[in-house]
Amino acid sequence: MLQVKLLEMPIAELEQSVQAEIDDNPALEIAATDNDDYTVEPADVDLYEDDTDFEQSTEREERKDELDNVLKNMVGDDEMPEPSGASFGNYGNADYEEITYGDRKSFYDRLNEQIGELDLNERKREIMEYIIGSLDNDGLLRKKIDDIVDELAIYNNIYTSESEVTEILEDIQEFDPAGIGARTLKECLLIQIERKKANPMRLMLHDIIENHYDDFMGKHWDKIVQTMGIGEDDVTLLREELRRLNPKPGASLGEAEGRNMQQITPDFVIDTAEDGTVTFSITKGRIPELYVSESFTDLVKTYRKDKSKLGTKEKEALIYAKERIDRAKGFIEAVKQRRHTLYVTMRAIIDIQRKYFVNGDEGELKPMILKDIAERTGLDISTVSRVSNQKYAQTRWGTFRLRHFFSDSIKTDSGEELSTRKLKTVLREIIESEDKRKPLGDDALSKEMKRRGFPIARRTVSKYREQMGIPVARLRK
Numbered sequence: 300m301l302q303v304k305l306l307e308m309p310i311a312e313l314e315q316s317v318q319a320e321i322d323d324n325p326a327l328e329i330a331a332t333d334n335d336d337y338t339v340e341p342a343d344v345d346l347y348e349d350d351t352d353f354e355q356s357t358e359r360e361e362r363k364d365e366l367d368n369v370l371k372n373m374v375g376d377d378e379m380p381e382p383s384g385a386s387f388g389n390y391g392n393a394d395y396e397e398i399t400y401g402d403r404k405s406f407y408d409r410l411n412e413q414i415g416e417l418d419l420n421e422r423k424r425e426i427m428e429y430i431i432g433s434l435d436n437d438g439l440l441r442k443k444i445d446d447i448v449d450e451l452a453i454y455n456n457i458y459t460s461e462s463e464v465t466e467i468l469e470d471i472q473e474f475d476p477a478g479i480g481a482r483t484l485k486e487c488l489l490i491q492i493e494r495k496k497a498n499p500m501r502l503m504l505h506d507i508i509e510n511h512y513d514d515f516m517g518k519h520w521d522k523i524v525q526t527m528g529i530g531e532d533d534v535t536l537l538r539e540e541l542r543r544l545n546p547k548p549g550a551s552l553g554e555a556e557g558r559n560m561q562q563i564t565p566d567f568v569i570d571t572a573e574d575g576t577v578t579f580s581i582t583k584g585r586i587p588e589l590y591v592s593e594s595f596t597d598l599v600k601t602y603r604k605d606k607s608k609l610g611t612k613e614k615e616a617l618i619y620a621k622e623r624i625d626r627a628k629g630f631i632e633a634v635k636q637r638r639h640t641l642y643v644t645m646r647a648i649i650d651i652q653r654k655y656f657v658n659g660d661e662g663e664l665k666p667m668i669l670k671d672i673a674e675r676t677g678l679d680i681s682t683v684s685r686v687s688n689q690k691y692a693q694t695r696w697g698t699f700r701l702r703h704f705f706s707d708s709i710k711t712d713s714g715e716e717l718s719t720r721k722l723k724t725v726l727r728e729i730i731e732s733e734d735k736r737k738p739l740g741d742d743a744l745s746k747e748m749k750r751r752g753f754p755i756a757r758r759t760v761s762k763y764r765e766q767m768g769i770p771v772a773r774l775r776k
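Counting from 300, one number per residue, gives the positions in the sequence shown under our numbering.
Simulated from the structure, these hints should not be mistaken for lab results. Among the clues, some could well be false.
For lysine-lysine, the following DSSO-like pairs were computed, each having C-alpha atoms within a straight-line distance of at most 30 angstroms [as the list claims (entries may be wrong)]:
#  : residue 1 : residue 2
1  : 749       : 737
2  : 723       : 518
3  : 723       : 670
4  : 612       : 583
5  : 518       : 547
6  : 776       : 665
7  : 518       : 423
8  : 583       : 670
9  : 670       : 600
10 : 654       : 423
11 : 485       : 654
12 : 485       : 522
13 : 746       : 518
14 : 762       : 518
15 : 600       : 612
16 : 443       : 665
17 : 723       : 735
18 : 665       : 485
19 : 442       : 749
20 : 737       : 723
21 : 762       : 654
22 : 721       : 665
23 : 746       : 443
24 : 522       : 547
25 : 583       : 600
26 : 522       : 423
27 : 614       : 443
28 : 746       : 721
29 : 735       : 776
Computed from a predicted model, the values in this text were never measured in an experiment.
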């Protein structure tokens with residue numbers, strides 16, 4: 300569980316966790332060294348599961364018997380760590396580069412702060428955090444509810460229902476700013492209208508979006524005026540109020556990809572040489588080399604020479620020292636295992652997406668899902684998910700979440716597998732280069748995609764266009 304917890308942490312949070320553990324466990328010490336080498340394979344460190352609940356008694360004999368039982372359960376011949384020269388983790392003091400893009404947090408951070416204001420159990424909190432992590436750059440939820448249900452079961456081992464996810468999503472929609480967590484632009488606008496002061500103006504705004512949404516999006520105000528029977532002065536006021544609504548509530552809290560976060564410390568730095576060689580390093584941050592305390596190991600060795608002659612205080616000291624040492628060893632191994640897992644995961648990502656890292660063309664991103672990385676590394680899918688959720692990689696082309704390198708795929712009628720990222724890139728290029736006086740409809744876009752070697756149906760074009768936030772042809776004119 301400790302390894303899982305540390306694995307989920309980005310480097311900045313890991314630094315805080317390591318420091319907290321150093322402060323809390325006197326058996327864990329920092330070694331001053333300039334050596335920052337990293338061995339890929341984790342060291343073989345024995346882990347202990349010593350959950351003995353030692354309960355003190357007022358009667359001296361009962362207390363002594365209890366201590367003896369605890370000592371008998373301890374492994375008598377297990378090796379204690381050497382006091383010097385053998386570390387259980389070698390993480391040098393190499394500095395890392397701090398990348399500052401602005402002075403605002405991402406909206407993910409802002410929303411997670413608001414979670415703390417709710418009285419939630421652990422299960423609902425995890426579901427809510429996952430939903431927030433699924434919001435797009437605009438702060439909207441483009442994923443289907445049933446897809447989130449499936450993902451929670453696969454990646455987080457949380458089995459829920461569409462109704463429960465919907466209920467928790469509605470709680471998120473109560474967050475600030477208004478409109479966050481909406482599933483469509485229409486719902487986003489309606490949520491914002493509902494937050495306004497109750498008056499006749501709010502009723503008319505709600506009527507326009509709820510019952511005349513298509514006319515509103517098509518800017519057919521003549522139809523709206525005729526149907527609703529409103530005057531010219533009211534129309535002016537209504538249009539002014541509607542312009543104040545925010546179709547992208549996430550933007551008001553900072554970009555979703557974190558470019559306006561107060562600070563981004565990439566967990567990986569990927570470098571591409573002129574000859575196309577791709578290498579990477581793992582950010583070590585301010586994590587020192589960790590050792591088990593010499594004084595604690597000496598204490599255990601001294602007391603173990605003759606357990607039968609130990610008094611009550613000596614036995615208590617031995618148990619305490621052993622527990623602290625086991626905890627320190629387990630923590631050092633968890634940190635080392637985290638680094639190894641990050642290493643094999645990024646190596647697999649680069650193996651699959653090498654073309655992208657060479658030329659920076661998003662169209663070169665191959666179809667890649669969590670399962671692909673899991674199969675290459677031998678890791679569990681949930682482990683790969685934890686690595687990719689909150690980690691950033693710095694490349695020549697920018698700093699991205701690891702999620703950026705993952706892409707779904709679709710199969711054409713001929714059986715060819717095409718990356719959805721590639722399809723969206725080509726579709727955007729076509730739309731950007733079209734004659735704005737005669738923009739292409741979805742049928743025409745589908746034909747042009749097919750002419751360029753990407754045969755996808757009109758409904759697929761429509762879906763991708765909406766996901767990219769590109770309006771229909773009439774509104775692009």
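The hints, checked one at a time:
1. 749 x 737: holds (20 angstroms)
2. 723 x 518: holds (27 angstroms)
3. 723 x 670: With Cα atoms ~22 angstroms apart, residue 723 and residue 670 stay inside 30 angstroms; holds.
4. 612 x 583: violated (41 angstroms)
5. 518 x 547: Between residue 518 and residue 547 the Cα gap is close to 19 angstroms, so the pair holds against 30 angstroms.
6. 776 x 665: violated (33 angstroms)
7. 518 x 423: Status violated; Cα separation ~41 angstroms.
8. 583 x 670: Given that 30 angstroms is the threshold and the Cα spacing comes to 27 angstroms, the pair holds.
9. 670 x 600: The given pair, whose Cα atoms are some 47 angstroms apart, is violated under the 30 angstroms limit.
10. 654 x 423: With a Cα-Cα distance of about 40 angstroms, the restraint between residue 654 and residue 423 is violated, given a limit of 30 angstroms.
11. 485 x 654: This hinted pair is violated, its Cα atoms lying about 39 angstroms apart.
12. 485 x 522: holds (19 angstroms)
13. 746 x 518: holds (28 angstroms)
14. 762 x 518: Holds: residue 762 and residue 518 sit about 22 angstroms apart, inside 30 angstroms.
15. 600 x 612: holds (16 angstroms)
16. 443 x 665: Distance of about 24 angstroms is within 30 angstroms: holds.
17. 723 x 735: holds (19 angstroms)
18. 665 x 485: violated (33 angstroms)
19. 442 x 749: With Cα atoms ~26 angstroms apart, residue 442 and residue 749 stay inside 30 angstroms; holds.
20. 737 x 723: holds (21 angstroms)
21. 762 x 654: Given that 30 angstroms is the threshold and the Cα spacing comes to 27 angstroms, the pair holds.
22. 721 x 665: holds (8 angstroms)
23. 746 x 443: holds (28 angstroms)
24. 522 x 547: With a Cα-Cα distance of about 26 angstroms, the restraint between residue 522 and residue 547 holds, given a limit of 30 angstroms.
25. 583 x 600: violated (33 angstroms)
26. 522 x 423: violated (45 angstroms)
27. 614 x 443: violated (59 angstroms)
28. 746 x 721: Holds. Residue 746 to residue 721 sits at ~17 angstroms (cutoff 30 angstroms).
29. 735 x 776: holds (5 angstroms)
Taken one by one, the earlier hints fail for this structure at numbers 4, 6, 7, 9, 10, 11, 18, 25, 26 and 27, listed in ascending order.
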